[in-house]
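Next come the chains, spelled out residue by residue.
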Amino acid sequence: MQPGLYHILFLSTALFFIGVYGFLTRRNLITMLMSIELILNSVNLNFIAFNKYLWPNQMDGLFFTLFIIAIAAAEAAVAIAIIINLYRSHNSIDVENAEDLKY
Amino acid sequence: MNEFFILMKQELAVTAIIFLLLFIKIGKGIQHSSLLSLVQFLLLINFGAGFFFNQSGWLFGDMYQTTPLIVFQKNILSLGVYLISLLCADWLKKTEHLPEFFMLMLSALLGMFLMISSGNLLIFYLALELATIPVAAMANFDLHKKRSSEGAMKMILSSAFSSGILLFGISLIYGITGTLSFALIPGQLDGSTLQLLAFVFLLSAFAFKLSIVPFHLWTADVYEGSPIAVTSFLSVISKGAIAFIFITILYKVFQPMGEVWYNMLVILAVITMVIGNLFAIRQQNIKRFLAFSSIAQVGFILVGMSSGSEVGITAVVYFVLIYVFSNLAAFGVAAVITEQSGKENIDDYKGLYKTNPFLCWILALALFSLAGIPPTAGFFGKLFLITAGATKASFIFITIAALNMIVSLYYYLRVIRAAFMDKNENPISAIKLSPSVKLGLIICGAGIVLVGLLSWMYDYIHSLSL
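Going down the list, the protein sequences come from chains A and B.
Numbered per this note's numbering, the first sequence spans residues 1 to 103.
Numbered per this note's numbering, the second sequence spans residues 1 to 466.
If you are wondering where the hints come from, they were derived from the structure by calculation, not from laboratory data.
Some hints here could point you the wrong way.
[Said to hold, decoys possible] According to the in silico footprint, chain B covers these stretches of chain A (three or more CB under 8 Å from chain B): (1) 17-29; (2) 36-43; (3) 59-67; (4) 70-78; (5) 89-98.
[Claimed, not checked] Selected chain B positions facing chain A (in silico; Cβ < 8 Å): (6) I156; (7) F161; (8) G175.
C-beta atoms are modelled at their ideal positions from N, C-alpha and C, and glycine is treated no differently.
Chain A on its own, in the form it takes in the complex (with noise of 0.2 Å):
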């Protein structure tokens, strides 16, 4: 059987919420940085699946995609540079520790 784009896109919207859930259960900084890369990771499924069976005959969504890989390397880096010096001052990257600001 071919898959078709109900496939794909029962599999992108799992993806999409695996990640939120991911990021609202998850407690190491790591983790729910991955979880945001699954949720950007089911969007890139989304257009590209959209572009094969809907719009065949434009090239945004594919345009889109490489865009988006590119915009979350650069978000993963500056998110890592942001941890590690956050692990410098708290040795530890849990979330449940980085508590001084509060109501």
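Following the hints, position chain B against chain A.
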């Protein structure tokens, strides 16, 4: 080719300053105080240059557009950055990495310029990321402070998460319409369920960036943790930029779904104003207090935005102009006091009038303007926002907004009472202001008074937004 330079003049100017700083950084380097004066001068030129050769036009197909209104909005942002470079001069001189700080701040400003001008969701997304990632790096600028790195961590994670949500919404819109251009999307929208879902994703991402209430939890922490120059940048410049593009997206791209987003904006505005005000009442730290007050101000911006006509655009742009002056004045006073005495609590401001009358008057002017008391410009800003909101004639909503203004008076006056009336055994000692800080505070004070009194200002913005 000529058109390219004229239409993109502000972006090119900011890029030139960034490259100049880069060359200074990799070259021998110059003294921080002279570098700071140089940057202040260049930012002033950048602000002034915005007034000449205004044209409207499109570049790169439909990617980049500019109109006199967009140029005016960019001018407001450049003015804000210039004022920040004046007001936070004491802190900036002390920091080890001055060129890097301005490089990050100006890259974020460049991102905001491109974002306001964007005519396509692709360039919009890229510019939005350019406007947020450097700010997260800036929030971590006090490298050795625990709170600074905690605030930066919260900022980068929540902004990355919100841009993920934004992207999911954009991908659904692409699937529905097959285009990313702002001009072509509205023709394809008819309000189906999938389009509603996509719109909710986009709206929640904007709500994250604008710190509208159910999505505001990162705001106060990031504001308190980061250095005060970054806090003022976040609360004034980035909020203004996001508000401008949010209007464009709502009014142009989602124009066929006007009824839907009107209802959503009403609910969000009411809870934003109420929660922002209630939390501001109980804050002790001045930065946290200003954070929650800025959340409440965003609620008022949403009231104006909900009108859906050019009156709404005018009211929001006018309010943001006033908000730049009044919020930066408040942050400027807080920055001076924090820098000189290390004190950030409202209780420490007791008896400030005895020792620092000038700072006290500027603070009072700024807070009166934020609260919306008549002689100051803030009153006119709020008046036009609420008038714009009233064009849709839902008077319960307008009444709630007006009642919230009364609540906000309580906590703004609490700070003023602490500064003017309360006695204190050892108040903050008299502070000698450096010339640039004094200039910045005077510009802010003059702006707070004059923008309200000069009525042609509103008419001018209105003529631009038609």
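Now the hints, each set against the structure:
Closer than 8 Å: that is the beta-carbon criterion, and the region 17-29 of chain A has 3 residues meeting it against chain B, so the requirement of 3 holds. Beta-carbon proximity to chain B at under 8 Å applies to 5 residues in the region 36-43 of chain A; the threshold of 3 is reached and the given coverage holds. Note: the region 59-67 of chain A has 5 residues with beta-carbon separation from chain B under 8 Å; the three-residue rule is met and the coverage holds. A stretch counts as covered by a chain when three or more of its residues have a beta carbon under 8 Å from one of that chain; for the region 70-78 of chain A and chain B the count is 4, and the coverage holds.
Only when three residues or more bring their CB closer than 8 Å to a CB of chain B does the claim for the region 89-98 of chain A stand; here the count is 4, and the claim holds. Taking 8 Å as the C-beta cut-off, the interface hint given for I156(B) holds, the closest approach to chain A being about 5 Å. Interface restraint check: F161(B) against chain A, minimum CB-CB distance 6 Å, threshold 8 Å, status holds. A cut of 8 Å between beta carbons decides the hint on G175(B): the least distance to chain A is about 4 Å, and the hint holds.
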